[in-house]
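Chemist: Residues per chain are reported as follows:
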Amino acid sequence: MSFIHPLALLGLVAATIPALLHLLQRRIPPEIDFPPVRYLSVAERESARRLKLRHLLLLILRTALIVTIVLAAARPLVPLRGGGAHQPTAAVIILDNSPSSGAIVDGGSVLDRLRVLAHSSIARLTPADRVWLMLCDGVVRGGTREALMATIDSTRQGWQRLDLVQAVERAARIVDAQPLAGREVHVLSDLQRTALASGHARVPKDVRVLALAPGHEISNHGIAGVTVSEGAAIIELAGSSPDDGGPPAPVPVTIRIGAGRQGRGEVAARGLATSDRADGAAHAAVTVSLPAQSVTAGWWVGEAALEPDELRADDRRPFAWRVAPPARVTATAEAGPFAAAALSVLQEGKRVVPGRDVVISSGETPPPTGAHAIVQPPVDPALLGQANRAIAARGLPWRWTLLGTPGTITSSALPFLSDVPVARRYRLEGTGSQESGVGDVLATVNGEPWLVRSGDVVLLGSRLDTAWTALPAAPGFVPFIDALVNRIVVGEADVTALEGAPRVEFRTRGADTIGATVYGPDGRESDLTPASASLATDALGGAEVLDAEHFAAERFSAMRRADASGILLLLALLLAAAELGVATRTR
Amino acid sequence: MAQRLDLLDPAEVARLGGIEIVAQGVVEGYLAGVHRSPFRGFSVEFTEHRAYQAGDELRYLDWRILGRSDRLFVKQFEEETNLRAMILVDASRSMAWHGAPERLTKRAYADRLAAALALILLRQRDATGLVTFDDQVRQVIPARVKAGQWTRVVRGLLDTPDGQGTAAHAALQRLTALLTRRGLVVLLSDLLFDRELALTALRYLRHRGHQVVVFHLMDPAEVELSGPPEVRFRDPESTVSVVVRPRELARAYADTVRREVAAWRKACRRHGIGYHHVQTDMPFGLALRLLT
Numbered sequence: 000m001s002f003i004h005p006l007a008l009l010g011l012v013a014a015t016i017p018a019l020l021h022l023l024q025r026r027i028p029p030e031i032d033f034p035p036v037r038y039l040s041v042a043e044r045e046s047a048r049r050l051k052l053r054h055l056l057l058l059i060l061r062t063a064l065i066v067t068i069v070l071a072a073a074r075p076l077v078p079l080r081g082g083g084a085h086q087p088t089a090a091v092i093i094l095d096n097s098p099s100s101g102a103i104v105d106g107g108s109v110l111d112r113l114r115v116l117a118h119s120s121i122a123r124l125t126p127a128d129r130v131w132l133m134l135c136d137g138v139v140r141g142g143t144r145e146a147l148m149a150t151i152d153s154t155r156q157g158w159q160r161l162d163l164v165q166a167v168e169r170a171a172r173i174v175d176a177q178p179l180a181g182r183e184v185h186v187l188s189d190l191q192r193t194a195l196a197s198g199h200a201r202v203p204k205d206v207r208v209l210a211l212a213p214g215h216e217i218s219n220h221g222i223a224g225v226t227v228s229e230g231a232a233i234i235e236l237a238g239s240s241p242d243d244g245g246p247p248a249p250v251p252v253t254i255r256i257g258a259g260r261q262g263r264g265e266v267a268a269r270g271l272a273t274s275d276r277a278d279g280a281a282h283a284a285v286t287v288s289l290p291a292q293s294v295t296a297g298w299w300v301g302e303a304a305l306e307p308d309e310l311r312a313d314d315r316r317p318f319a320w321r322v323a324p325p326a327r328v329t330a331t332a333e334a335g336p337f338a339a340a341a342l343s344v345l346q347e348g349k350r351v352v353p354g355r356d357v358v359i360s361s362g363e364t365p366p367p368t369g370a371h372a373i374v375q376p377p378v379d380p381a382l383l384g385q386a387n388r389a390i391a392a393r394g395l396p397w398r399w400t401l402l403g404t405p406g407t408i409t410s411s412a413l414p415f416l417s418d419v420p421v422a423r424r425y426r427l428e429g430t431g432s433q434e435s436g437v438g439d440v441l442a443t444v445n446g447e448p449w450l451v452r453s454g455d456v457v458l459l460g461s462r463l464d465t466a467w468t469a470l471p472a473a474p475g476f477v478p479f480i481d482a483l484v485n486r487i488v489v490g491e492a493d494v495t496a497l498e499g500a501p502r503v504e505f506r507t508r509g510a511d512t513i514g515a516t517v518y519g520p521d522g523r524e525s526d527l528t529p530a531s532a533s534l535a536t537d538a539l540g541g542a543e544v545l546d547a548e549h550f551a552a553e554r555f556s557a558m559r560r561a562d563a564s565g566i567l568l569l570l571a572l573l574l575a576a577a578e579l580g581v582a583t584r585t586r
Numbered sequence: 000m001a002q003r004l005d006l007l008d009p010a011e012v013a014r015l016g017g018i019e020i021v022a023q024g025v026v027e028g029y030l031a032g033v034h035r036s037p038f039r040g041f042s043v044e045f046t047e048h049r050a051y052q053a054g055d056e057l058r059y060l061d062w063r064i065l066g067r068s069d070r071l072f073v074k075q076f077e078e079e080t081n082l083r084a085m086i087l088v089d090a091s092r093s094m095a096w097h098g099a100p101e102r103l104t105k106r107a108y109a110d111r112l113a114a115a116l117a118l119i120l121l122r123q124r125d126a127t128g129l130v131t132f133d134d135q136v137r138q139v140i141p142a143r144v145k146a147g148q149w150t151r152v153v154r155g156l157l158d159t160p161d162g163q164g165t166a167a168h169a170a171l172q173r174l175t176a177l178l179t180r181r182g183l184v185v186l187l188s189d190l191l192f193d194r195e196l197a198l199t200a201l202r203y204l205r206h207r208g209h210q211v212v213v214f215h216l217m218d219p220a221e222v223e224l225s226g227p228p229e230v231r232f233r234d235p236e237s238t239v240s241v242v243v244r245p246r247e248l249a250r251a252y253a254d255t256v257r258r259e260v261a262a263w264r265k266a267c268r269r270h271g272i273g274y275h276h277v278q279t280d281m282p283f284g285l286a287l288r289l290l291t
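Protein chains in written order, with numbering that gives the first Met the number 0: chain B, 0 to 586; chain Z, 0 to 291.
Derived by calculation from the structure, the hints in this document are not laboratory data.
Errors might be hidden in some of the hints.
Said to hold, decoys possible - What follows is a set of in silico ranges between Cβ atoms, one per label pair, in the way DEER data are often shown: (1) Arg-584/B - Tyr-203/Z: 40 to 48 Å; (2) Arg-269/Z - Arg-584/B: 32 to 40 Å; (3) Leu-573/B - Leu-15/Z: 28 to 36 Å; (4) Thr-583/B - Leu-15/Z: 57 to 65 Å; (5) Val-239/Z - Arg-584/B: 46 to 54 Å; (6) Thr-175/Z - Leu-52/B: 42 to 50 Å; (7) Asp-32/B - Gln-172/Z: 27 to 35 Å; (8) Asp-32/B - Tyr-203/Z: 31 to 39 Å; (9) Leu-52/B - Val-239/Z: 46 to 54 Å; (10) Arg-584/B - Arg-257/Z: 18 to 26 Å; (11) Thr-583/B - Arg-194/Z: 32 to 40 Å; (12) Leu-57/B - Arg-194/Z: 51 to 59 Å; (13) Lys-265/Z - Arg-584/B: 40 to 48 Å; (14) Lys-265/Z - Asp-32/B: 47 to 55 Å.
These figures come from a predicted structure and were not determined experimentally.
Glycine included, each C-beta is placed from N, C-alpha and C at the ideal position.
Please model the complete structure; the sequences and the hints are all you need to start from.
Modeler: Listed below in structure tokens is the structure:
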């Protein structure tokens with residue numbers, strides 16, 4: 000409870016007046032002769048208890064009367080629950096319209112339910128409030144009440160995942176900076192467990208976080224991603240499946256190829272995925288062989304689809320891949336026997352053909368101009384300077400320097416290189432003459448670049464020789480050479496995946512298509528497992544997880560205050576009437 | 000038409016003069032309002048016979064002598080009175096109190112009432128005496144009917160100072176020894192003494208054949224409690240005092256007084272004792288009329 004005029008509370012000292020008067024009245028009273036004292040004694044003896052009670056009651060009533068009047072003068076503000084106007088409040092309403100909000104629960108979409116609550120929150124605003132709206136895109140929208148209502152009304156299911164922990168932390172910072180009496184963050188979300196996995200939101204203590212309790216868990220399967228490799232599509236499934244005690248149900252997957260690319264025709268294939276139920280979520284992958292015609296050179300677009308379920312947003316996902324023609328490759332004599340052997344294997348598999356589009360060479364000779372080059376360091380360290388000058392002449396911002404310490408290869412771009420030992424290597428350093436970045440480094444040893452690409456040249460820190468590295472003897476050596484000559488050195492961009500409405504966008508340079516971006520929802524959106532209340536409270540900075548009814552009652556209520564002086568004055572009036580009644584009552 | 004003093008406010012009447020004047024005025028007014036004496040004698044003592052004379056009341060004829068000797072004789076009594084009355088006036092300190100200056104004290108009221116009563120009785124030739132007492136008997140005027148008796152009674156009243164405590168029981172016991180001949184005993188008192196002990200004495204008088212009448216005198220301020228917000232009331236006859244807030248205790252006090260009066264009335268009625276509650280603002284005539 001707070002007071003508008005707290006100084007008036009000093010008047011509470013006056014509450015001692017009745018007690019003081021009571022004591023002061025104990026002065027020596029005047030004496031009067033009165034013969035029938037015996038009657039008085041009898042009357043007093045018979046009325047003593049009643050009189051004591053009456054005196055006590057009067058003392059209490061008078062003290063309470065003064066206290067009540069003083070409190071009324073101090074204008075106390077008492078917290079209210081439900082109803083009434085609230086104190087000026089800064090609030091951020093997080094309306095989670097991420098893809099999972101499109102799930103149909105109990106005949107209606109989750110988003111519709113959230114929108115109704117957001118709408119009613121906005122309807123409760125007063126002109127003194129400051130409220131922002133945050134959607135799954137993370138953009139904080141301000142504006143008038145009408146504008147916010149219009150935004151909410153027009154909000155549809157988005158395609159971006161909303162990290163609730165970060166969103167709440169941002170929202171809390173925003174409202175905490177506002178000089179208003181109330182500070183609240185309203186989290187209107189399906190409270191997916193996966194949306195709370197990024198730690199704990201730091202929420203200032205004056206900020207109240209109210210989170211809507213999620214509905215019941217529903218089963219869902221979605222396509223988290225599709226990759227194409229070696230004539231087959233690998234479809235990753237995600238989702239949630241309440242444990243009903245039965246065996247995992249097979250999930251039919253349909254692949255369509257060619258859609259959206261004129262003249263490619265359309266083919267379809269079907270696979271059957273079986274999800275597991277590890278930690279309550281369903282994860283699985285299914286590999287579907289693509290039709291033979293789809294391995295002809297060129298860009299291909301496909302779409303994987305599941306049968307419709309409660310969440311449609313993740314039931315379809317496009318994918319793209321490029322089938323390149325075999326690279327025309329030659330290896331110089333200095334490239335070593337292992338490279339030549341690998342090329343011959345690839346030639347047998349028709350992955351490469353002889354030619355000079357790509358040259359595998361060594362630092363003893365300058366990389367050929369007009370061709371893609373894969374350059375190994377020279378055997379003789381004395382030739383290192385000559386080799387560096389040659390690659391510098393090709394405009395490469397890298398050079399070989401001192402021998403590096405042995406180690407193992409680490410590469411995320413080329414997984415088959417990982418953990419391969421390297422016994423001997425030259426450290427690769429950027430010269431700084433041209434811009435070089437981490438993105439050029441394809442593999443490292445002991446954290447130092449070991450395989451870099453710049454333009455149409457790829458440099459190796461070690462020679463492809465078992466005296467330098469165990470790679471030539473490793474199973475991944477031929478795939479490594481395949482990737483180098485067919486993909487890496489020719490600079491073919493990987494197909495990248497981004498969040499967004501499912502679609503494929505090609506990147507072009509002139510008339511050439513140099514890459515593709517596949518959009519789709521984040522795979523974590525498919526897991527509709529709701530977070531527990533304790534998890535949500537913990538992750539969202541002590542959020543109060545409330546059902547819809549309590550959420551509606553509690554919002555804007557933490558700071559809701561009412562001036563209780565009117566009630567106190569009424570109470571004082573009643574006390575005064577009671578005091579008058581008791582004081583004038585003679586028996 | 001002249002106002003009847005017996006029906007005026009006692010305090011106003013008292014301002015006309017001393018006890019004698021007041022009593023005479025009251026009695027004049029009172030007798031003017033009645034047709035015959037309210038009292039009838041019964042305590043005469045036979046002494047001798049004398050010959051009947053015309054005009055003698057027939058009720059005093061001795062019918063046995065008439066039967067034996069065929070002569071008319073009337074009975075002659077020792078005193079030619081109709082009644083032997085003794086008026087007892089409480090002169091204790093509590094009687095010298097009035098609740099307001101404009102009112103008579105209970106003692107003053109009792110004196111004037113006693114004087115008026117004595118005058119009435121003496122005028123109809125009833126032997127009348129006076130006893131005043133507080134914690135002991137102060138004045139004893141034997142009951143006589145001779146001339147100057149009323150003056151002696153009045154003098155007895157005037158000569159009795161305000162006393163201290165009231166040992167009514169002891170005084171009444173002594174009175175029983177003094178009142179050997181049956182008659183009327185009128186007690187004028189505020190009865191602020193032990194009821195049972197006083198009743199024992201009064202009962203004894205009654206047992207001795209006396210007609211006993213009690214005038215319970217109270218000041219109106221003793222009936223309805225009032226005063227400052229808080230006050231120490233002190234018993235003038237003792238060291239007892241009590242601090243009260245009159246406004247708080249008024250109802251309870253009034254109840255107590257009512258109960259006390261009722262208890263006196265009930266006890267007196269049970270023993271054949273006349274009881275009259277008289278407040279000192281009651282006109283003397285009305286108080287005297289209570290005896291009829």
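Chemist: Is the distance from the Cβ of Thr-583/B to the Cβ of Leu-15/Z consistent with 57 to 65 Å?
Modeler: Hint violated: Cβ distance 43 Å, outside 57 to 65 Å.
Chemist: Looking only at beta-carbon atoms, does the pair Lys-265/Z, Arg-584/B fall within the given range of 40 to 48 Å?
Modeler: 31 Å, violated
Chemist: Between the beta carbons of Lys-265/Z and Asp-32/B, is the distance compatible with 47 to 55 Å?
Modeler: Since Lys-265/Z and Asp-32/B have Cβ atoms about 29 Å apart, the given range 47 to 55 Å is violated.
Chemist: Note whether the CB distance of Leu-573/B and Leu-15/Z lies within 28 to 36 Å or breaks it.
Modeler: 58 Å, violated
Chemist: For Arg-584/B and Tyr-203/Z, compare the CB-CB distance with the range 40 to 48 Å and indicate the outcome.
Modeler: 46 Å, holds
Chemist: Against the range 46 to 54 Å, how does the distance between the Cβ atoms of Leu-52/B and Val-239/Z compare: consistent or not?
Modeler: 26 Å, violated
Chemist: Tell me if the beta carbons of Leu-57/B and Arg-194/Z are separated by a distance inside 51 to 59 Å.
Modeler: Roughly 36 Å apart at Cβ, these two residues miss the hinted range, so it is violated.
Chemist: How does the Cβ-Cβ distance of Val-239/Z and Arg-584/B compare with 46 to 54 Å: does it lie in that range?
Modeler: Since Val-239/Z and Arg-584/B have Cβ atoms about 28 Å apart, the given range 46 to 54 Å is violated.
Chemist: Does 18 to 26 Å hold as the CB distance between Arg-584/B and Arg-257/Z, or does it fail?
Modeler: 20 Å, holds
Chemist: Note whether the CB distance of Thr-583/B and Arg-194/Z lies within 32 to 40 Å or breaks it.
Modeler: 35 Å, holds
Chemist: Can you let me know if the beta-carbon spacing of Asp-32/B and Gln-172/Z is within 27 to 35 Å?
Modeler: Given range 27 to 35 Å: holds, Cβ gap about 28 Å.
Chemist: Mind checking the hinted window 31 to 39 Å against the Cβ distance between Asp-32/B and Tyr-203/Z?
Modeler: 32 Å, holds
Violated hints for the displayed structure, listed by number in ascending order: 3, 4, 5, 9, 12, 13 and 14.
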